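Q: Residue strings, one per chain:
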Amino acid sequence: METFRLLDMPPMTAAENMALDEALLELKGRGETPNTVRFLRFSPPAVLVGLHQSVSEEVRTGYCEAHGIQVNRRITGGGAIFFDESQLGWEIICDKAFFGLPIVNAGLFKALCDPVVTALAGWGLEAAFRPRNDIEIAGRKIAGTGGAESEDAFLFQGTLLIDFQVDAMLAALRVPVEKLEAREIDSIGQRVTCLCRELGHAPPLAAIKEALCDGFERRFHIRLEPGGLTGAEADAFRAKLPAFESEEWIDQIRPKCPGARTVQAACRVRAGLVRFTLVADPCRRRLQDLYITGDFLAVPARGLYDLQAALRGAPLDREKIRASVQGFFDQGKLRIAGMSAEDFLKPLDRAFEHPLLRTRHGSGGSSWRR
Amino acid sequence: MEIQGYNMPDDLYYEEHHFWVRVEADTIVMGMDDFAQDLAGDVAYVQLPFEGKKLVKGKSFARVESGKWVGKVYAPVNGVVAEANEELESNPALINEDCYGRGWMYKIKPNDMAEVEDLIKGAEAVEKWLLADIEKYKQE
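Residue numbers (this note's numbering), protein chains in the order written: chain A, 1028 to 1397; chain B, 1389 to 1528.
Among these hints, one or two may not hold up.
Rough simulated footprint, nothing fancy, chain A against chain B, three-plus residues with beta-carbon under 8 Å [what the hints assert, rightly or not]: (1) 1427–1441; (2) 1458–1470.
Calculated Cβ distances over 12 Å to all of chain A for the following chain B residues [claimed, not checked]: (3) M1389; (4) Q1392; (5) G1393; (6) D1399; (7) L1400; (8) R1410; (9) D1414; (10) T1415; (11) V1452; (12) D1500; (13) M1501; (14) A1502; (15) E1505; (16) D1506; (17) L1507; (18) K1509.
Treat the hints as calculated values from the structure; they're not laboratory data.
Treat the numbers as computed from the prediction; the structure is a model and nothing was measured.
All C-beta atoms, glycine included, are put in the ideal place defined by N, C-alpha and C.
My request is simple: use the sequences and hints to build the entire structure.
A: And the structure:
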């Protein structure tokens, strides 16, 4: 049975946590450090954008500055997150060979989420992995993940919501709340859940960590042994920290053209009103986010959460989005009382008639600093 | 050649991380093969290294993000970057739509063109290698 190091350091600043991530991953990539499970906490609270996102598009920097929230950039992909003391971060820094898969794939994501699903099951919660990389309970996301690789190693990280401050998140991130109706803002809260909500209370942090450790040991068939940084890691961390505190790192990606735009369309069909709100990134041709609301009845309720999760980040392509929605109907993952898939898709078609979504932008995207 | 639904053109060389290579005069063109783009899912970002960047065979030289994962692109030969596909900056989905055509990623000037012969080539070898990887990465 292999032994992994358990690295559980006190809360750190955003730059410290990011610098340590990179130091650990690079050293692991060179085979100079043990396989590791790490817990992360942030003090002060932080907003972290994905490696390829621009701060100005994702973060309300004025609010963050006024409220002592640090802004930094992860070394992993995905979207911006708000990270305060009500969340626990977990990471696996490991040889690819441990899982026998040199190319990262959906099966690996599932395997990496299994320990956390197991820990949640220990509290009687029916959690499950949801492709590509969320953990959900009844369709509501309780943990999101992302990863990065370096030569023969990878770093996979996730955030487990212990409690969830939707107002603080909406204030710190550039969610287009001004464009959303009250029930759409409610729907942001509804598609996420947390331990507090599921259990009626937040277990002590130590108990959560213990449950996660137990999950890692059982699912990976490993033994965890608490340890600190090696000398080489401490040196690499110190050497990297100034770069992660610098604007060159945090502001590395600058938008070349206007970022996300919100397009809405609603249709009244037989059984009710359906409203699609698309947060579109026309430059990168991505559907950044999607809110489907209305006075219809969705069965099962989670079908709507799963559909929105599946479409978040998808290519901004009407036919592909239509096909995904149709697939949910065909496979029985979502039914809407009194509506066919065609009825349900009418507002989507109307949204795509909007000039913003019809225009094809030939240039744009983000500028890379090379 | 089509292998279990994956399009693997016969005239290409393949690197073990599933990048294809085509020889064009004294440079090579590379991109993700059909298997890799399928495993990756929607490609969100592609890093475009500067012209002249030195590459070490087998070592990573650029990043690709898909599904919140920041992956690496490995150099199939020793050489230097001659060109990166600028179109991928605004439209990385080209890799998913047309991985052997408009979704090409980089042109490289190899130090020694003979190194491409170390890559996987030929219907028989490609089929054996791909079938093994399909089995290995089969989803539960």
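Q: For a quick check of understanding: which of the numbered hints are violated here, in increasing order?
A: 11
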